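Chains as they are written, first to last, in my numbering: chain A, 19 to 222; chain B, 19 to 222.
By construction, these hints were calculated from the structure, which means they are not laboratory data.
Note that the coordinates shown come from a computational prediction; the quantities given were computed from them, not determined experimentally.
One copy or any two copies: either way a pair holds, since identical chains are not told apart in the list.
Below, simulated DSSO-like cross-link-like pairs (lysine-lysine); rule was C-alpha separation at most 27 Å, straight line:
| no. | residue 1 | residue 2 |
| --- | --- | --- |
| 1 | Lys156 | Lys192 |
| 2 | Lys192 | Lys74 |
| 3 | Lys33 | Lys73 |
| 4 | Lys45 | Lys134 |
| 5 | Lys84 | Lys73 |
| 6 | Lys159 | Lys192 |
| 7 | Lys35 | Lys73 |
| 8 | Lys84 | Lys74 |
| 9 | Lys84 | Lys192 |
Spelled out, the chains give:
Protein chains: 2
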Amino acid sequence: MKKKARDPEAASVAKIKKAAHKVFLQKGFASTTIRDIAEAAGTNVALLNYHFGSKKNLFEEVMLEKIRELLGRLTPIFTNETTTLEQKVNGLVDSYIDFLLNDPDLVTFILNEIRKGNFDFIVKARLDELVHQSFFMKQLKEASGDVNPIQFLFSIVAMIIFPFVARPVIIQTKLVDQDAFQQMMLERKKLIPLWINQILNGKK
Amino acid sequence: MKKKARDPEAASVAKIKKAAHKVFLQKGFASTTIRDIAEAAGTNVALLNYHFGSKKNLFEEVMLEKIRELLGRLTPIFTNETTTLEQKVNGLVDSYIDFLLNDPDLVTFILNEIRKGNFDFIVKARLDELVHQSFFMKQLKEASGDVNPIQFLFSIVAMIIFPFVARPVIIQTKLVDQDAFQQMMLERKKLIPLWINQILNGKK
DNA sequence: AAATGATTTAATCAAATGATTAAAATATAT
DNA sequence: ATATATTTTAATCATTTGATTAAATCATTT
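Please build the complete structure, drawing on both the sequences and the hints.
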């Protein structure tokens with residue numbers, strides 16, 4: 019595909035990845051054409067093929083990069099054995115919301131690609147291990163009483179992620195506008211940990 | 019497209035719609051071919067065109083039918099002026115979860131099609147009006163104190179919908195299996211109203 | 001059994017798309 | 001300056017796909 023690495027090449031590769039990320043997020047894998055990407059990157063299909071070989075290859079490189087970035091932020095929080103459950107929920111909510119505010123369509127996109135069967139790229143990330151073997155789950159289990167701790171995990175992640183999943187709907191239907199959405203998500207950084215506390219304590 | 023209505027015709031139309039619903043949900047609009055649908059329906063592309071004219075037409079007919087069915091269940095709950103907020107949350111959670119258990123991929127599907135720009139079919143459903151002008155929102159606003167009631171609406175809907183959005187991920191990663199998922203959602207019918215109560219009361 | 005409508009078969013069209021190639025042009029390193 | 005790497009242009013190929021058609025077959029009604 020290529021033989022030596024120089025500066026301009028790296029710039030092109032980055033430019034293409036950035037454009038691909040944008041277009042894939044907008045249109046999904048199937049609806050995106052390599053011509054779309056080439057145009058968005060201000061280049062041509064021949065160069066995409068020169069650097070990435072195929073559309074699927076480009077897609078996987080781009081997505082894997084994003085997933086790794088997110089996991090890189092969450093893992094230290096999940097596995098930390100010195101912080102309390104409350105601190106972890108705080109950190110989780112804070113990091114997660116910040117990350118997604120920066121990339122608002124990522125969640126819906128990933129979930130959908132998985133639903134369609136494109137989950138090679140996420141299986142490689144091994145996030146089940148993170149959930150199952152983490153210190154966080156151990157702590158959550160202790161706080162859950164006789165309710166399955168997964169029920170609480172669902173609700174925590176739901177309250178973080180769902181607004182991003184619903185975002186296109188609520189913006190399209192003018193329920194909330196772009197700025198108000200951002201504002202609400204920042205407000206949620208405080209609300210969600212509070213709510214989780216009330217839920218976990220309320221059941222004792 | 020057709021001239022007279024008889025029995026076998028109606029059966030064919032239903033058969034095609036059912037197959038289309040199934041395939042569209044599995045693969046999304048762009049990835050689904052009319053040949054896929056024809057095969058799933060045990061028929062042929064010529065008949066699809068005979069009855070529906072185009073792929074997009076078939077898609078919109080099928081999706082609109084589903085949306086209307088869901089709204090038909092939720093509207094009476096949202097607009098009822100004789101029930102308490104607590105009763106509404108109970109009814110909402112119960113109806114919504116029942117509906118989605120019957121059609122587990124519908125949510126992800128709809129959200130994604132909207133994200134891709136295929137929202138003609140949902141704009142027609144006017145669900146913004148339902149949310150804004152409903153008696154439910156009036157009651158929720160009263161219970162919300164100085165927090166934006168939309169924050170609570172997000173969380174209520176999130177806790178109902180999110181597990182269905184995450185379902186493909188959690189089943190794929192073997193976090194929870196099919197049966198356990200069903201069981202947990204039934205359990206959630208009791209948990210969510212309880213939690214919402216705790217959250218709404220906790221902030222007084 | 002004749003007529004009408006519904007369905008199938010089989011083929012074809014035009015357009016879009018992923019992929020590939022050759023050749024020219026451009027930039028960079030040494 | 002020369003060689004090498006990168007990028008562009010432009011064209012082409014094979015496939016897939018949505019759409020359409022004509023003719024044959026099947027089912028139902030009358």
